[in-house]
Amino acid sequence: MARRYDSRTTTFSPEGRLYQVEYAMEAINNAGSTVGVLGKQCVILAGEKKTISKLLESGKASEKIYPIDDHVVCAVAGITSDANVLINQLRLSAQRYRYAYQEPIPVEKLVTSICDVKQQYTQFGGLRPFGVSFLFAGYDDHYGFQLYHTDPSGNLSGWKATAIGVNNQTAQGILKTDWHEDMSTKDCLDLVAKVLVKSMDTATPTAETLEFGVLTLNKDKEVAFRMLSDDEINTLMAAAKPEKPDDEE
Amino acid sequence: MARRYDSRTTTFSPEGRLYQVEYAMEAINNAGSTVGVLGKQCVILAGEKKTISKLLESGKASEKIYPIDDHVVCAVAGITSDANVLINQLRLSAQRYRYAYQEPIPVEKLVTSICDVKQQYTQFGGLRPFGVSFLFAGYDDHYGFQLYHTDPSGNLSGWKATAIGVNNQTAQGILKTDWHEDMSTKDCLDLVAKVLVKSMDTATPTAETLEFGVLTLNKDKEVAFRMLSDDEINTLMAAAKPEKPDDEE
Amino acid sequence: MARRYDSRTTTFSPEGRLYQVEYAMEAINNAGSTVGVLGKQCVILAGEKKTISKLLESGKASEKIYPIDDHVVCAVAGITSDANVLINQLRLSAQRYRYAYQEPIPVEKLVTSICDVKQQYTQFGGLRPFGVSFLFAGYDDHYGFQLYHTDPSGNLSGWKATAIGVNNQTAQGILKTDWHEDMSTKDCLDLVAKVLVKSMDTATPTAETLEFGVLTLNKDKEVAFRMLSDDEINTLMAAAKPEKPDDEE
Amino acid sequence: MARRYDSRTTTFSPEGRLYQVEYAMEAINNAGSTVGVLGKQCVILAGEKKTISKLLESGKASEKIYPIDDHVVCAVAGITSDANVLINQLRLSAQRYRYAYQEPIPVEKLVTSICDVKQQYTQFGGLRPFGVSFLFAGYDDHYGFQLYHTDPSGNLSGWKATAIGVNNQTAQGILKTDWHEDMSTKDCLDLVAKVLVKSMDTATPTAETLEFGVLTLNKDKEVAFRMLSDDEINTLMAAAKPEKPDDEE
Amino acid sequence: MARRYDSRTTTFSPEGRLYQVEYAMEAINNAGSTVGVLGKQCVILAGEKKTISKLLESGKASEKIYPIDDHVVCAVAGITSDANVLINQLRLSAQRYRYAYQEPIPVEKLVTSICDVKQQYTQFGGLRPFGVSFLFAGYDDHYGFQLYHTDPSGNLSGWKATAIGVNNQTAQGILKTDWHEDMSTKDCLDLVAKVLVKSMDTATPTAETLEFGVLTLNKDKEVAFRMLSDDEINTLMAAAKPEKPDDEE
Amino acid sequence: MARRYDSRTTTFSPEGRLYQVEYAMEAINNAGSTVGVLGKQCVILAGEKKTISKLLESGKASEKIYPIDDHVVCAVAGITSDANVLINQLRLSAQRYRYAYQEPIPVEKLVTSICDVKQQYTQFGGLRPFGVSFLFAGYDDHYGFQLYHTDPSGNLSGWKATAIGVNNQTAQGILKTDWHEDMSTKDCLDLVAKVLVKSMDTATPTAETLEFGVLTLNKDKEVAFRMLSDDEINTLMAAAKPEKPDDEE
Amino acid sequence: MARRYDSRTTTFSPEGRLYQVEYAMEAINNAGSTVGVLGKQCVILAGEKKTISKLLESGKASEKIYPIDDHVVCAVAGITSDANVLINQLRLSAQRYRYAYQEPIPVEKLVTSICDVKQQYTQFGGLRPFGVSFLFAGYDDHYGFQLYHTDPSGNLSGWKATAIGVNNQTAQGILKTDWHEDMSTKDCLDLVAKVLVKSMDTATPTAETLEFGVLTLNKDKEVAFRMLSDDEINTLMAAAKPEKPDDEE
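Residue numbers (full-length UniProt numbering), protein chains in the order written: chain B, 1 to 249; chain G, 1 to 249; chain H, 1 to 249; chain Y, 1 to 249; chain X, 1 to 249; chain W, 1 to 249; chain P, 1 to 249.
Among the hints, a few may not be true.
[Claimed, not checked] Have a look at the derived ranges for each label pair, beta carbon to beta carbon: (1) B/T204 x P/R4: 38 to 44 Å; (2) H/H180 x Y/T170: 34 to 40 Å; (3) W/L92 x Y/Q89: 33 to 39 Å; (4) P/S113 x Y/D116: 44 to 50 Å.
Treat the hints as calculated values from the structure; they're not laboratory data. Quantities reported herein were computed from a predicted structural model and do not represent experimental measurements. No residue lacks a Cβ here, since even glycine has one placed at the ideal position from N, Cα and C.
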């Protein structure tokens, strides 16, 4: 039955569903695990790279985490080329705001703008939805550290901790249990590592398949973003691994 | 039979129905309960949030109730990203009017403008209707407090009390029985709480899943809008709960 | 057979019919009864409201009768949101004419303009016809009191008395029998009430489900429009009710 | 077989036919009888009105015969709202010519212009042909009195006498037998009446269902158009009725 | 099999054929016989009119032969209203050239321009090919007398003698046998008459159903075009008729 | 299976093929044999004309070989009207370059430009590919004599000798065997004649069905193009005919 | 099942896949082997030409490797005419940058720009994806030598060594085993030759079917690109051939 209504974004099913949008979301459920955690003084984004090869140049065309502006970073799950187009727009919006008002764009304002673009692609014929979800980590003076999630429908939500991609149910379960207020940056990193260990399909995830980004304030109280080094990631992941390989821990 | 005419907004069925518009409305019948009540000195909007997680940032991207201008607020039922696009237009219209005429836009004028936008999306090919209904609470000098409902077809109606979303039949029944002229703000809040208790699927609704907005005049006789705090909501809901958990009360 | 040609306005059936236009008209046959009667010194429009609830605000977004200009009023049968779009255009046309020529727009000219709009929506792809019929009551110095009917195809006809909506065959039969030249305003109102009693599905129609509009000349010989009050309507309807509830009278 | 090629104007059938255009013509074959006759000093147009009701205002929105300019009149068979759009264009073209060249537009030039419009609607996708045929009666200094026929395909032909609509085969047969050169205006009117009596479905056609238009030169040798009065029509029709109601005469 | 590829001009069949263009050509094979012959000092065009009625005005809207400019004439086979649109363009091109360069447009240049228009209608979606072929008779100083044929695909070919329409195979056979260099105008007319007698479906073709056009140089060596009178045509056809009505001669 | 993907240029088949483009190429495989050979001091183009009639004017609208500019000529295989449109563009490009830079356009640059046009028609909806292949013979100072082939996909290749159209496999086989470096113009013509004798369906091809074009340098070392006369062609073909009519030689 | 969702780029399958994009990629898997290897002081691109004929002009319209600017070269796998269009854009972008900033365009910036173009063709109706993948070899001061791969989806990745086209799995396996840091240009060439020997379908690949391009720094430390000569290629391939023709080595 559903099949009569599932080939166009401009067609509602009799139950009022938009199947094409749901199918686009399905693409994201198969993407590599992507986790975001909001700490007291930080936001952590981390993700699993699906295409792995020792011949890949790691520094070029990073597959998961993209800086947008000094104070906003995003992690991508879904179709990378769709993401690139939106990231270009995000960067442009951020710079235009900075140029016009001489201050960084508020994080929610930036994220909202791209949601409206995504929504357009779900309502007009001759288009398909963007097959990509983002986790945004940002900081601004008004709201401090923030973590947002947007999906292909153009929906936007603010989170304290969330996960998308493969096994996101498992990941969200762990986050719900373990996240608490006032986590230090170290706590957050450990939590992310724990979530990734549990939700990734790989038995022993290493720096080769992972990216970690940390948004914090530096000692001058300026927002600063950095990617963890391979060594840092491996250390984190090793610590996060269950000591005894118990089934289901 | 109906299936031959139900995939495009530009096709009438032989009985003169527009199935795509009806399907869009179906989406709203599955949305969280949303209630509006007009009192003597107030309008109350309240709604059930469907996505609930203790990890959600409550202050960001509120899911049900959005202020449009100082004197107009709306509650949303349906596709949130569709709603965002329309809310942006509503806010812009309100500000433009205020700028041009140096006074707040009349509520009905504002609401009518968005209905015309919705209607366009039901008559042209290559589009789908907006999958969202609004309850508008407003105040202006001419008509005082007002409550309006618009649906995906672009229809507009003025109400004294109404409910949309899941179990709206039950909700409307209670409103029809209990609403009366000259209700105080307290009466209105109690009525809304009672309706929500009866119409929500959750056994024990709490502030975590609910939003309440109140539009009243403050002591300077200026219109003022505020969201109830979690405590206020919980108090209301507790009071509204049937004392003994009798079946069907 | 017909089904091969009935999904697009741009397709003639082998017998030269436009099924989509006919389907749009079908929507109107299910709308509430709407009656117009031309008297010696008046035009009466009246109609049955389909959505009835004591919680509906009666003064807001009247469902049946809309003034266009001082000298033109219309009653609507069909899709209300479609009607709103056309009514906006009608009002604008009327005001533009008044501004340009410093006199009210001739009624037929105004009505013709909206018929051409309706026709366009029956000839081009990617559109659907407007699902709405109008009865126009108007007065101008050239033709005096006038009553027009337009349907979704864009057809226009001048009438002395006519009815559209549910049971319009019955209604038209009564009008054909009872209408005569030189009817006073009172005669007209009684005739309309009689027609409504017979054609409405409700056993005992009251002011709650009815609207009556009267266009007459006031004592200064200026055209004036007014809606009947609930009391007036109830009095009329009570008088029109068959004294004994005989079956089929 | 034909059904594969009959839903779009942009599709030729294997035999090189355009079914959509033929279907549009079919609509006209079901329209009321419409007759045109060219006399020595006149052109007569007459037609049967399909919608008849004593409640119809006869002077408003005449259903069959429309003046275009002082020297051109047309009779319409088919979809009235389609006709209105084309008649508006014809009137505008006629006035523009008169304004630019200070003389009436040549009849053939005027008629050709509307044929090109009709042709466009048979060659492009997303449109349907105009479902209307016209008989044009005109006079200009160059060609004198003229009678033209245009159909939905945009074809144009000049006639001495022709008939379209219901039973046009019968009507054309009578015209072919009875028409001769140098007919007086009276002869022409009698011929038209005879044709209508034979071709109309109604047993006893009267002025209520008929319109007659006569284009002649007045005593100042100026072209003049007038509609016959009801009395004149009834007299004509009475005279045209076969004396004994023989079957099939 | 063919039927999968024959509904759009934008679809090649697996053998690389464009069925819609071929179907358009089929329409021309059913059109009235149309013949063109190039003589030493002339070009003759002649054609059979399909719509015949003694009530048709012969001088108005000639069905087969249209002058384009003083030195170019065309005969039409196929859909007349399609032809009208192209003839308008041809006349305009010819006049523009004459205005710009103060000399008549070269015949081949004129004919090529309309072929490109026709080609466009075979390559783009939402259009159908023009259902019309032309024979062009022209004269210019460079090439002298010329005869061209264009078909719905936009193909162009120069001929010494050719025939299109019904029975064109028969007609071309006769032309191939009987045409020779240095034919006088009289020879050419006789040949055309002979061809028409053989290829027309009518047993005894007369001036009523035929048009003959002759393009020659007049005594001042200026190019001149004239249509033959009915008497001339009848004389020609009578002479061309086989003396004894042998079957198949 | 293939049939699901073969009706639109915008659809890839599961194996990554574009059937519509392949179908367009099929049209060319059925076109008349067309051969190009590059010699030491010349390029020869020759082709078989498919439409043959002694009544065809040979000088007008040559069917196979078209000069583009003094130094570039092309031979056409496929849909002639498609070719005409592209040849117009080629001639315009050549003249624009000559006007802008005061020197002839480089051959490859010219040929590339038309390939890009062809490619566009294979990637966008609502269009069909151009159903035509070209052989280009050209000369410029940089590369000397050149021979190119372009097909409906927009592919471009440089050749020493190639053949397209009917039996092109046979023709290419002969060319592969017999072509060698440093062929004189006479050698080239003999080779082309041999290829045509073998690949044409006609038993005894003569000048009536053939066109030969030769691009060489004249005694002033200027590039010069000429078509062979009928006598020259007949001589060539007679010489190329196998002495004894052995089957398969 | 998949077949319902595989004919348009604007349709997601229920698993969130875009079949049309995958089909376009399939075209590339059938293209000739194409290999890129990054060395310490060089980037090597090499590829197999699918169309081979001794009559092909080798210098014209090279089938595999195209220079973009002095410092960027690309190898092509897939539909050549699609590639040409993109290469034109690449060259233009490179020159515009050079003109605007007086320095060569950064390689990643150039490559990214064409990826965005490719992405557009996967998201809008009425288009098909570009059926072509590129390997880009480039050098700039910031990142030194670089090797990128882009596919029809618009995805971009940086590689140390990669292979696309026929048997790319085999090729990538060898690269993964044999590639190491600090390879000299000679090492790289040998590795590429080894990969081609193993992955090409031809038993004994020679210069006739291969192209090799080398991007290095010359003695002035300027970036320089050159194609290997046929002799060089043959020497390389001979050396790369397994000494004993063991099955599967």
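Comparing the hints with the structure gives:
1. Between B/T204 and P/R4 the beta carbons are some 40 Å apart, a value that agrees with the proposed interval 38 to 44 Å.
2. Distance hint check: the CB atoms of H/H180 and Y/T170 are about 39 Å apart, consistent with the given range 34 to 40 Å.
3. For W/L92 paired with Y/Q89, a C-beta distance near 37 Å keeps the hint of 33 to 39 Å intact.
4. A hinted range of 44 to 50 Å holds for the C-beta pair P/S113 and Y/D116, which are about 47 Å apart.
In the structure shown, no violation is registered for any of the earlier numbered hints.
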